[in-house]
Structures are given as C-alpha cells and as structure tokens.
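Enquirer: What follows is each chain in one-letter form.
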Amino acid sequence: MARAITTQRKVIITAAAWAVGLLIFFPIYWTILTSFKTEAQAINDPPLFFNFDWTLENYAIVQERSNYMRYLWNSVIIAGGSTLLGILVAVPAAWSMAFVPSKRTKDILLWMLSTKMLPAVGVLYPISLIFVEFNLLDTRIGLVVVLMLINLPIIVWMLYTYFREIPVDILEAARMDGASLREEILYVLTPMAIPGIASTILLNFILAWNEAFWTLNLTAAQAAPLTAFIASYSSPEGLFFAKLSAASTMAIAPILILGWFSQKQLVRGLTFGAVK
Amino acid sequence: MTKWLEENTPKLVLAPSFLAVLVFVYGFIAWTAWVSLTRSRLLPKYEIEGFIQYERLFASPRWDTAINNLFVFGILFIVIAMVLGLVLAILLDQNIRTEGALRTIYLYPMALSMIVTGTAWKWILNPGLGLEAMVRRWGFEEFTFDWLVNPDMAIYTVVLAAIWQSSGFVMALFLAGLRSVDGEIIKAAQVDGIPTWRVYTAIIIPSMAPIFLSAFIVLAHLAIKSFDLVIALTGGGPGYATDLPATYMYAMAFSRGDIGQAASSAMIMMMVVFTIVVPYLYSELRSKDD
Numbered sequence: 001m002a003r004a005i006t007t008q009r010k011v012i013i014t015a016a017a018w019a020v021g022l023l024i025f026f027p028i029y030w031t032i033l034t035s036f037k038t039e040a041q042a043i044n045d046p047p048l049f050f051n052f053d054w055t056l057e058n059y060a061i062v063q064e065r066s067n068y069m070r071y072l073w074n075s076v077i078i079a080g081g082s083t084l085l086g087i088l089v090a091v092p093a094a095w096s097m098a099f100v101p102s103k104r105t106k107d108i109l110l111w112m113l114s115t116k117m118l119p120a121v122g123v124l125y126p127i128s129l130i131f132v133e134f135n136l137l138d139t140r141i142g143l144v145v146v147l148m149l150i151n152l153p154i155i156v157w158m159l160y161t162y163f164r165e166i167p168v169d170i171l172e173a174a175r176m177d178g179a180s181l182r183e184e185i186l187y188v189l190t191p192m193a194i195p196g197i198a199s200t201i202l203l204n205f206i207l208a209w210n211e212a213f214w215t216l217n218l219t220a221a222q223a224a225p226l227t228a229f230i231a232s233y234s235s236p237e238g239l240f241f242a243k244l245s246a247a248s249t250m251a252i253a254p255i256l257i258l259g260w261f262s263q264k265q266l267v268r269g270l271t272f273g274a275v276k
Numbered sequence: 001m002t003k004w005l006e007e008n009t010p011k012l013v014l015a016p017s018f019l020a021v022l023v024f025v026y027g028f029i030a031w032t033a034w035v036s037l038t039r040s041r042l043l044p045k046y047e048i049e050g051f052i053q054y055e056r057l058f059a060s061p062r063w064d065t066a067i068n069n070l071f072v073f074g075i076l077f078i079v080i081a082m083v084l085g086l087v088l089a090i091l092l093d094q095n096i097r098t099e100g101a102l103r104t105i106y107l108y109p110m111a112l113s114m115i116v117t118g119t120a121w122k123w124i125l126n127p128g129l130g131l132e133a134m135v136r137r138w139g140f141e142e143f144t145f146d147w148l149v150n151p152d153m154a155i156y157t158v159v160l161a162a163i164w165q166s167s168g169f170v171m172a173l174f175l176a177g178l179r180s181v182d183g184e185i186i187k188a189a190q191v192d193g194i195p196t197w198r199v200y201t202a203i204i205i206p207s208m209a210p211i212f213l214s215a216f217i218v219l220a221h222l223a224i225k226s227f228d229l230v231i232a233l234t235g236g237g238p239g240y241a242t243d244l245p246a247t248y249m250y251a252m253a254f255s256r257g258d259i260g261q262a263a264s265s266a267m268i269m270m271m272v273v274f275t276i277v278v279p280y281l282y283s284e285l286r287s288k289d290d
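So the sequence lines, in the order shown, correspond to chains A and B. Its first residue numbered 1, the first sequence is counted upward by one per residue in my numbering. Its first residue numbered 1, the second sequence is counted upward by one per residue in my numbering.
Everything labelled a hint here was simulated from the structure, so no lab data went into it. Incorrect hints may have been included.
[What the hints assert, rightly or not] If you only want the chain A side, here are some residues facing chain B, beta carbon under 7 Å, derived: (1) Thr7; (2) Ala17; (3) Ala19; (4) Phe26; (5) Pro27; (6) Tyr29; (7) Ile87; (8) Ala90; (9) Ala93; (10) Thr115; (11) Leu118; (12) Ile130; (13) Pro195; (14) Ile252; (15) Ala253; (16) Ile255.
Keep in mind the model is a prediction, meaning the values are calculated, not measured. All C-beta atoms, glycine included, are put in the ideal place defined by N, C-alpha and C.
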C-alpha cells in the first residue's frame, strides 16, 4: 500500500518536473522549430508543431543577408584566443598560489576575484579611450586582449580551486625522490592538472562566447561576433518570424551543443567554485 | 642564479596576472574615480573640483528612476529566482529517474548569452508579434499584454527574462546544498514519522543557510551588472523607464557625452557592489582556512 502511494507520488512529481522543464525550454524549442517553417506557417493559426513542410530557406536567406560565417569565425577567434591567452598567463599564477602559497596568497586571490564582481561599465570608458588611441576599435586582437583581462581573475580562481584538489603528498614524494622543479611540473603535476585546465578552458570559452558588453561596445562591422549578430536582429521591423528564428538558432547552436557538456563547469565557475 | 630562479619562480609567474588585474581593473577604476571629481563633459578633464558630479547625479530624475528600478528589479529577481530555484531543487531531489536530463534543461538558459535571452523575450513580449498577438488569434480579441511598451510595467519584463535565465542556476546551487545534508538525520526523521514537508522546513532548509547566502550574492551581483539584458530587451525604454545604473552610465558616457556623470554613477555602483560582495568573499575564504 505504502509502496503504491510512493509510486503514484513519484509519477506526479516527475510529471510536474517535466512540465516546468518544458515551460523553461519552450522558448528555445519554439525558436528552433519556427526557423524551419515558411513565414506563412510561422504565424499559422493554430500553431504548427510537426505537420509542416520543413524548409532550410530561412537559413539561406539569413546567411545571404548578414554573412553568418564571418560572425561565427569572429566569435571562435575572440573566445578561443582570449581563453588560450588567459590560460597561458593564469596557469603559472594558479600553480604558484596553489603549491607555493605565501602568507598573502589568500588576500591576492580574494582581491583578484573581487574585481570579477565589479560592473564592467566602470572601466569601459578608459578602455575605449585606449582603443581609440591605439586604433584597436573593431579589431579582433583588441577584443581578445580585453576579454582575456576581464576573465583572468575567474580563470586564475578556477584553476586554483582545481589545483588545490591535487594531493600535495605526491609532490612531496617526487621531491624526496630528487625531482627538480622542472621534472616535478612536467611529469607529476601536468598529468594531474589537465582535467582541471580543460574544464576551465570550457567554462571560459562559454563566458567569452557569451560576452556581450565588450563585444557590442568595441566592435562595429569587422570584428563583430555572434552576440552582435543577434543584437542586429533585435528590432523585429523588416524581418519576419521565421527568419528571426533562423538567425537566433544559428547564434545559439554552438552554445546549445557546448552547454550540454559543460553544465558542471558552468555552475562551478558562476558560483566561484562554491558548488563542485 | 639557478637557485635564485628556483626560489623566486612562484613570485615571478604570479606577477603577470597580478599586474594585469592591478592595472586593468584598479588603474582604470582610479582613473574613473579621479574623473568623477572633475567637471568633465565631452572630454575628460583632470582638475579636481569636488563632488559636483555626485550632486548633479543625485539631483537627476533619471538616476532616481535607475536606482528605483535597481531596487524593484533586484528584490523581485532575487526573491522569485530563489523561491523558484528552491522549489525546482526539491522537485529534482525526489529521486526521479530522468534527473540528469531535467537538470540540463533547467540550466540551459544560463548557458545562453544575456543578449540572446533579451532578444528572444523581446519577441515573445512584443504586443504585435508574440504572446498578445497569438492569444488574440486564438479568438480572445480583448487580451492585452503590453508590459514591454508600458512604462509602468516594462521593468517587470526585465524581471521575467532574468528569472527565466537564472532560476535553473539557482536550482543547481540548492540541489548541491540539499545533497550535502546528512542523510542519516533525514532517515531518522522519516523513521519517526515526520511528514516530508516538515523535514524540509525544519531540518533541511535551515541547514542550508550558507547556500542561501551564496545564491543571494551571486544573484545580487548579476542584478547590479544586468546591462546586456536591459539593452537587448528594452534598450532602457520606453523613454528611460527601465534604466538601471549600468545603462544610465552607458547612456551618459556614449550618447549624452557627459563623462563626469558616467564616472560618478560608475563609482556609486562599484561602492554598492563592494559593500555586498567583499564581506562575503572574506567570510568564504576565512572559513576555508579552517
């Protein structure tokens, strides 16, 4: 009897959880679906769920009008470049703080992390002055550097929390066996650090990919990534639903795929490591 | 030489990150602080004049609206997202079989850029295109849902979109908290015949106080930094009805040519963030020491 009640309760709870899930996912799902309809079908009454003629013409039109590939390529370069540059600068710093801590390590970390909390508008104006001065406006290299600097505290912090999980005993054992600093880093630390570094790369790639504040403010046409692409479609006049949907599906597709693999890293990063 | 290098490597490799953050963040904040004390308009000036920019700022009705909006938006967003997140986490905590897939779905909005969220909700809430038009086509001709273009209601559309974006993430936080509660205590309570809802209200939720604090801090700093979302969703409008401090600062710096106002509003925002965040970070780090 008790068992029957539990089963029933479980079914209700599962149904409720899925109902909420569908509600949350509906805008994304509907956008993707609409992108494959013709304009007439997109505003059909009643709304069409599956029984329509799937078409790719919206994608062709959007690509033709606004050169999606260039935005995509800019996004890849900017997000990838700033992530790699950031990792190069941050790995040594995180290594130093995790394995050779000094009295000030905690304070330095705290201080670095606190900057991630600050509103970016506070430094926007001086940065844009510098960009004008050095002709960096609307260049990919400028954005790579700015996004690297913006995300550096979070990269250092994430790497630090991952490195801290590496048992120190192993390092001490390696030192006892006479390993030099170079050997210690190369043969003992690196293999154990790679999963953490990979997770940090993934997290930071998504953060940089989604970054809109700096990309919108510092680019115009040449270096604009997908966030600018989607923003350029944000006034509905002149375009129709199906094409708008195709444009936004193209903008979010890479994130939908990456997001599936990386939710753990995302939560960990956004809570500054509080949730592992 | 080699020995010196080996001893000082840790400091040397830390230096680039340290300097980058120092110059990039604090150097520029110092610049902003300096300019906020001058009469800068279209171009920055460097003669200190005192607090005139702050006086102008607090006399400005637009800044008043921005601060009010921040409070309305911040409080509603934080409270609703936390309640929703907690409910979703409790739902998922009931050992349902498809938990993994559901968690991913709940979290998806968080992986999207604020720009995407803002743009999507702009279409959904657009009276002529989205929800209102759809319900009217279904035959309810009188149905009106014009929050997006109604100056009194527009700020609530920002709340709506922000909650959609973040509640799954709050859920993930709370779920981790629920899972960290000692299972033995819960079992003991169940053996004693205490109903499930009492177990939650009396045992589990009180023991999650630190998670509530973390969620609050993360949401609060998201709220203060919400710039992209407002820009994509309402552009601060209609008029300046949905201005937040961040969009105010942006408008002053780039469309109104009033650097002094931009700098002083940025400084106020930073002070607010600091008073919320720094005590939290300190307590986090100190507690991890033990």
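Enquirer: Checking hints one by one. Is isoleucine 255 of chain A an interface residue toward chain B, by the C-beta closer than 7 Å rule?
Expert: Check passed: Cβ of isoleucine 255 of chain A comes within 5 Å of chain B, closer than 7 Å.
Enquirer: Once the shortest beta carbon distance from alanine 19 of chain A to chain B is found, is it less than 7 Å?
Expert: violated, 10 Å
Enquirer: Next item in the hint list is isoleucine 130 of chain A. Is there a CB on chain B closer than 7 Å to its CB?
Expert: violated, 9 Å
Enquirer: Should the interface hint for isoleucine 87 of chain A be scored as holding, given a Cβ-Cβ cut-off of 7 Å against chain B?
Expert: It is violated, given that the least Cβ distance between isoleucine 87 of chain A and chain B is near 11 Å, above 7 Å.
Enquirer: Taking the least C-beta to C-beta distance, is threonine 115 of chain A closer than 7 Å to chain B?
Expert: This hint holds: threonine 115 of chain A lies near chain B, its Cβ roughly 4 Å from the closest one there, short of 7 Å.
Enquirer: Can proline 195 of chain A be said to touch chain B, with a Cβ gap under 7 Å?
Expert: violated, 19 Å
Enquirer: Classify the hint on phenylalanine 26 of chain A as holds or violated, based on whether any CB of chain B lies nearer than 7 Å to its CB.
Expert: With Cβ-Cβ at 10 Å, over 7 Å, it is violated.
Enquirer: Holds or violated: is there a CB of chain B closer than 7 Å to the CB of alanine 17 of chain A?
Expert: OK, holds: alanine 17 of chain A within 7 Å of chain B, min 5 Å.
Enquirer: Restraint: threonine 7 of chain A near chain B, CB-CB cut 7 Å. Satisfied or not?
Expert: violated, 12 Å
Enquirer: Going by Cβ atoms only, is proline 27 of chain A closer than 7 Å to chain B?
Expert: holds, 5 Å
Enquirer: Have a go at the alanine 90 of chain A hint: is there a Cβ in chain B nearer than 7 Å to its own Cβ?
Expert: Holds, about 6 Å.
Enquirer: Holds or violated: the hint that isoleucine 252 of chain A contacts chain B, with Cβ atoms closer than 7 Å.
Expert: holds, 6 Å
Hint compliance for this structure: hints 1, 3, 4, 6, 7, 12, 13 and 15 are not met, and every other hint is.
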